[in-house]
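Protein chains in written order, with this note's numbering: chain U, 18 to 185; chain X, 18 to 185.
Because the hints were derived from the structure by calculation, they are not lab data.
We put the beta carbon where it would ideally sit given N, CA and C, even for glycine.
Treat each hint with caution, since some may be false.
[Unchecked claim] A short, non-exhaustive set of chain U residues, derived as facing chain X with CB atoms under 7 Å:
1) 42
2) 46
3) 138
4) 148
5) 158
6) 172
Number of protein chains: 2
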Amino acid sequence: MTTHRPTGRDEAAAQRPPRGTAFLLAQVGAHAAARFAERISELGLIPAEVGILRMIAARPGRSQRSLAEELGVVPSRIVALVDRLEGKGLLARARNPTDRRNHALQLTAEGGAVMARMRGLAAAHEDQICAALDDAQRAHLSSLLAAIAAQQGLTPGVHPGYQQPPPT
Amino acid sequence: MTTHRPTGRDEAAAQRPPRGTAFLLAQVGAHAAARFAERISELGLIPAEVGILRMIAARPGRSQRSLAEELGVVPSRIVALVDRLEGKGLLARARNPTDRRNHALQLTAEGGAVMARMRGLAAAHEDQICAALDDAQRAHLSSLLAAIAAQQGLTPGVHPGYQQPPPT
DNA sequence: TATTGTTATACTCTATAACTATA
DNA sequence: TATAGTTATAGAGTATAACAATA
Numbered sequence: 018m019t020t021h022r023p024t025g026r027d028e029a030a031a032q033r034p035p036r037g038t039a040f041l042l043a044q045v046g047a048h049a050a051a052r053f054a055e056r057i058s059e060l061g062l063i064p065a066e067v068g069i070l071r072m073i074a075a076r077p078g079r080s081q082r083s084l085a086e087e088l089g090v091v092p093s094r095i096v097a098l099v100d101r102l103e104g105k106g107l108l109a110r111a112r113n114p115t116d117r118r119n120h121a122l123q124l125t126a127e128g129g130a131v132m133a134r135m136r137g138l139a140a141a142h143e144d145q146i147c148a149a150l151d152d153a154q155r156a157h158l159s160s161l162l163a164a165i166a167a168q169q170g171l172t173p174g175v176h177p178g179y180q181q182p183p184p185t
Numbered sequence: 018m019t020t021h022r023p024t025g026r027d028e029a030a031a032q033r034p035p036r037g038t039a040f041l042l043a044q045v046g047a048h049a050a051a052r053f054a055e056r057i058s059e060l061g062l063i064p065a066e067v068g069i070l071r072m073i074a075a076r077p078g079r080s081q082r083s084l085a086e087e088l089g090v091v092p093s094r095i096v097a098l099v100d101r102l103e104g105k106g107l108l109a110r111a112r113n114p115t116d117r118r119n120h121a122l123q124l125t126a127e128g129g130a131v132m133a134r135m136r137g138l139a140a141a142h143e144d145q146i147c148a149a150l151d152d153a154q155r156a157h158l159s160s161l162l163a164a165i166a167a168q169q170g171l172t173p174g175v176h177p178g179y180q181q182p183p184p185t
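Start from the sequences and build out the full structure, keeping to the hints where you can.
Structural data, given as structure tokens:
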């Protein structure tokens, strides 16, 4: 615990954390993202690729356009990511017989295997990042973060890479 | 709160948050960073520039090399950032009389004024990001994050942009 | 020789916009 | 005419490495 501090006169100032909570969030979040990127590099993947694979695993057969919309990015960006993943043999663009304009994206067997390995890495990552906290603290942290995420309108499971800021 | 959920038989599975804590950290952290970037764009600044200005304000006269080391980036990257800030009139490269190889970086008056405005924006940002939490919850979140940051060896006040991962 | 800063260069990521094919 | 996907292109950001000035 780091909450006990001398509660003297300058209490208001002492209570104020040296850097704001929002800064800490950004700092620790970026660190977590960087460590995760490091871990999955052993699979030859970058975080965006893992995100795509995860979304397809969750809903097989979805189109590239639907990925672009959910991620809030432009369709041409999906093309590059899907190209690479297809090149690695992790997913396949299947033709949709009823509407041949779009691609029904599917994980290959190898893609499924990679996802299984990825889940192991993610669990280890979680443990490494939260090493300072016991189980109750982790649960508490999760609920606080979930409350912020919900209030801020974040889509569960979607990392806001550095999306285009809404035009001013 | 989002912690109450049907506690039935698959309890172990149900207790496990839908996405891990580390993912939530990265997600909320990236969101906070993006909202901050949006806010300071009204000052014509990007987050990296604010970071440089803040470090110089905290210790005037420091060299570009010391910034590069503390941030964990390559010196040539500092050149570009300092170039832009100097071009905007927010900081000055003063010659160090005792060792003319390095620059003693100083904020200009205008740079100081911009930093004052920035602090106002940061406070508003903090409030907006933490809107879902009351004061006690914010303090608790801060202490949990600070514990993680300390255990992970993060330098206080230094955002790990996306630094070069340590060579494997 | 070592150090500080700079420049030149190449590479990656990403958005924009024009294009193809289907509907 | 509208939609899914693709390609071509350009811009920003960043690391590498060679270089100049100073110690």
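Hints, verified against the model:
Evaluation of the residue 42 (chain U) hint against chain X yields a held restraint, the C-beta minimum of about 5 Å falling below 7 Å. Nearest Cβ of chain X to the Cβ of residue 46 (chain U): about 1 Å, under the 7 Å cut. The hint holds. Hint status for residue 138 (chain U): violated, given a least beta-carbon distance of 11 Å to chain X, over 7 Å. A least Cβ separation of about 6 Å between residue 148 (chain U) and chain X falls short of the 7 Å threshold, and the interface hint therefore holds.
Checking residue 158 (chain U) against chain X by beta carbon gives a least distance of about 5 Å; that is within 7 Å, so the hint holds. Hint on residue 172 (chain U) is violated. Least Cβ distance to chain X is approximately 9 Å, over the 7 Å limit.
In summary, the numbered hints that this structure violates are 3 and 6.
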